[in-house]
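As given, the protein sequences belong to chains H and S, one line each in that order.
If you read the first sequence in our numbering, its first letter stands for residue 808, the second for the next number, and so on.
If you read the second sequence in our numbering, its first letter stands for residue 808, the second for the next number, and so on.
No incorrect hints appear here.
No distinction is drawn between identical chains; accordingly, a pair holds when it is met within one copy or between any pair of copies.
25 Å max Cα-Cα, derived DMTMM-like pairs, lysine to aspartate or glutamate: (1) K1024 to D819; (2) K999 to D875; (3) K1080 to E1045; (4) K898 to E845; (5) K827 to E844; (6) K1133 to D956; (7) K1024 to D1108; (8) K992 to D819; (9) K999 to E876; (10) K883 to D991; (11) K999 to E877; (12) K972 to E1136.
The set of hints was computed from the structure by calculation and includes no laboratory data.
Note that this is a predicted model, so its numbers are computed, not measured.
Number of protein chains: 2
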Amino acid sequence: MVKIAFDAMGGDLGYQEMIKGAVLAGGNDLEVILVGEENLISTELKKYNDEEKSHISIYHASQIIEMDEEPATAYKAKRDASIIVATRLVKEGKADVVISAGSTGAQMTAGIFVLGRIKNINRPAIATYYPTPNGVKILLDAGSTPDCDKDNLHQFAVMASVFGKSYLKMQNPSVGLLNIGSEDKKGSILYKETFPLLKEDNRINFYGNVEGRDIPKGIVDIVVCDGFVGNVVLKLMEGITTVFVKQIKDNIKEKFIYKIGGLLSKGAFDKIKSQMDYSEYGGAPLLGLKGISMISHGSSDARTMKNAILAGKRAVESGFNKDLIKYFEETNIVNND
Amino acid sequence: MVKIAFDAMGGDLGYQEMIKGAVLAGGNDLEVILVGEENLISTELKKYNDEEKSHISIYHASQIIEMDEEPATAYKAKRDASIIVATRLVKEGKADVVISAGSTGAQMTAGIFVLGRIKNINRPAIATYYPTPNGVKILLDAGSTPDCDKDNLHQFAVMASVFGKSYLKMQNPSVGLLNIGSEDKKGSILYKETFPLLKEDNRINFYGNVEGRDIPKGIVDIVVCDGFVGNVVLKLMEGITTVFVKQIKDNIKEKFIYKIGGLLSKGAFDKIKSQMDYSEYGGAPLLGLKGISMISHGSSDARTMKNAILAGKRAVESGFNKDLIKYFEETNIVNND
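Chain H on its own, in the form it takes in the complex:
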């Protein structure tokens, strides 16, 4: 049975919301270990009956890393922080995956120092997946490594290819390098340097450069970029959908006839909300670590955290990280200097 180490203290909405999410994930053939302040958690759990929380246990951690703390400093100062303890449970084999909606930097730092990096991987990457008219696609890095070099981007491309096959069952996934033009020699220095590495690597199905407009269209299965650009892209996609939905609702309110029309076509409109919900996928794995660590949004509510737990379970069952570890242990051509 899959065991989830769940950071009960992460997330903007407070531990009550996190615990509610963990409770909602029950009945899905999994165990959730709530990691955090034992007194707070056990008091909160009294709200739920025995059956609702039969899949839940508590593992005490006395500290919390806040969102605004510098990750490396916090890692040194707070060894008993919930995210570090939860990650340690994965390292020690007491859990199969760690999930948190807390500080991404702290989760990544814990991942690197506690779990360790996969051989031949210099930096981890957050792999997000999102819906497009061409099916679910992957974008990485979504914010784990804001300053990348060409080897990082190259490694991200290879990691995502393995991940896409193993977890999302993609067949020979196409890889696009995010850029400011489709021509081969476009871009900043970093992207110009990365292009030939991807082009010459026959382990990946390289499509070439893709532009911003190609991301939501789903032109390629995997979009590779640095963590700064990827984070901006992901949050922009979320933000624009919010604006779109609000604007159209406001417009419909303007005339009675629009309201009637809006009611009749409500089904078509509701469908678009899920077709373009770039935040609904719950958890994004941190690729490149010797253990599975899944990142959730700081703003996640209980429903989203429930989905994140289910996504964590699927991630464990897919065996993608074993595939990644094996793949990179057997390869030695990912550093180009």
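Knowing the structure of chain H, use the given hints to seat chain S on it.
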């Protein structure tokens, strides 16, 4: 009367479309100088009657810089290219603004070498403006300078503040630094270095860091970022709108009742298309040059080019570039090393 030097040979849709755009701009108290291959242009102009083209003249240029040419090389090799000749007309005072839908790199190179940079400006930036629920906002750089340093970003912030006041009549425009988190110390090295420069500069109304989701919401009047990120952002905003409109149309086709509803609420839906049309503003000025150069999309059609010409006229009349030149000649604190 405002004189427009118009690159008749730029744009993906061919010179016929460009010329049509120039013709459509007639009757607005302006002159358009079509720059390009004289024979082609004069033959094409025969399609139009004298009144339609009374505002149009031709200035011969024998060469064209193609989209895939390396700008600096092309600039050296093709001194009689339409974009270079058109830019020269501005330098020589024969035109007030140059407009092109051709290679952005070539237009920028011509701008830097023919017009020259404004004092204390190291690199130009493309300033785009786009609609939000909070009014029209500015984003720069949209692709002119893919590799920026902190001084570039700092200068962009100051330039856009002057431009926003002068051209868009913004009152004390707020400036946000695009970043991967709202906290002061977030970001890649470049953005961490830039933050204190903006914070300490009392010539700008600095809001702090903004995230991707804040762009379409219009949280700040001016979003500052490097040309790589800005280009991705702009094209992503365009692309997502296209996907949204197509998906909702497809959804509405699925059921008869949705079609009825869609017809009744068509007005509300049509409105959203212009509310979120991130490409409709026509031309984006290249800030930082001693003359006005406005960039249009490669894919622009005649209607868009007409709008670009009208935007160019407004840009000249606003006097924003004289304001910029004056402002930067009188300042000397924009280089921080």
